[in-house]
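Trainee: Going down the list, the sequences are from chains A and C.
All the letters of the first sequence, read from the start, carry residue numbers 1 to 100 under the working numbering.
All the letters of the second sequence, read from the start, carry residue numbers 1 to 181 under the working numbering.
To be clear, the hints were calculated from the coordinates, so they are not data collected in a lab.
Among the hints, erroneous ones may be present.
Claimed, not checked - So the derived list for chain A, only partly shown, Cβ under 10 Å to chain C, looks like this: (1) Gly18; (2) Phe22; (3) Val47; (4) Ala48; (5) Val68; (6) Ala69; (7) Glu72; (8) Leu77; (9) Val80; (10) Tyr84; (11) His91; (12) Ile95; (13) Gln97; (14) Leu98; (15) Gln99.
The structure displayed is predicted, hence computed values, not measured ones.
All C-beta atoms in this analysis are idealised placements derived from N, C-alpha and C, irrespective of residue type, glycine included.
Single-letter residue listing:
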Amino acid sequence: MIPLSWYMSLAAILFTIGAYGFLIRRNVILMFLSIELMLNGVNLNLVAMSHYMESLHGQMFTFFIIAVAAAEAAIGLGIVISVYRNRHTIHVDEINQLQG
Amino acid sequence: MFAKFFFLYCGFVITFCGLAAVHLRNPVHCVLGVLVLFFHMAGLYLLLNAEFLAAVQVIVYAGAILVLYLFVLFLVDIRKELLLPRYVDSRFAAGAFAVGLLVCLLSILRSFVSGPHGSWSIAAVSRVTHTRALGQEIYSSYILPFEIVALILLIAVIGGMVLARRDSAVSGEGKRPEEEK
């Protein structure tokens, strides 16, 4: 039997990698990809806890998170395409029109 | 023993692919690294007796969302992306933040106290199979969130179409004088 803390440590590592990638990359699409990594870290945590606490509520949360992540990816990538069409860049440090 | 070995293998691949996806220069390689990561996440879900979620992970995440990312990468110009710097200027501050976050998260893990156990033990889930157990939960106690998720997906479909659509009114007005000549 694998201890629950192993799963939670791996989830924490995955979440941190996602946060790190969100902060360092210039490409907006890869920033969205890093958000997916963070969501996967949370999913792993929820499924592992649901397994060890013998309840299905965590897995239901994971199910809904996957559905909302699909919606978020569709809307976010639509915004990226529309920004690229208007500004011809997908780099966050060049999309600074609201900076004043 | 095999389960621990399998967990360590999946954990190593997940960490390696995550770091590679964050650091690689070519965005397509990053998406492919995340694809491998998602498959190993599905392996971990199988290890946790969540077969339905493993299938959903492969079908929805690896099959639909990552393909969407790849198509959007093909729509923008990634050839000159390879020649440009890939990190923002405050990269080392972000690294310090990430290390601090990891230390905080790992140090509070020790104080986790498990709550009361629910009614779906591993034997109960495997008796009715995982998919049927999840279905019973969805259509009984989670019916309202299920309907809300359906609405969110509808909004995503409409929003994606509206956002990514070419503005035909503007381009049509641009073409009209040439057509009159």
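Trainee: Confirm or reject each hint.
Mentor: Taking the hints in turn, this is what the structure says about them:
no.: 1; hint: Gly18; verdict: holds (7 Å)
no.: 2; hint: Phe22; verdict: holds (9 Å)
no.: 3; hint: Val47; verdict: holds (5 Å)
no.: 4; hint: Ala48; verdict: holds (6 Å)
no.: 5; hint: Val68; verdict: holds (6 Å)
no.: 6; hint: Ala69; verdict: holds (7 Å)
no.: 7; hint: Glu72; verdict: holds (8 Å)
no.: 8; hint: Leu77; verdict: holds (5 Å)
no.: 9; hint: Val80; verdict: holds (6 Å)
no.: 10; hint: Tyr84; verdict: holds (5 Å)
no.: 11; hint: His91; verdict: holds (7 Å)
no.: 12; hint: Ile95; verdict: violated (12 Å)
no.: 13; hint: Gln97; verdict: violated (17 Å)
no.: 14; hint: Leu98; verdict: violated (17 Å)
no.: 15; hint: Gln99; verdict: violated (14 Å)
The structure does not agree with the numbered hints 12, 13, 14, 15 stated previously, though it agrees with the rest.
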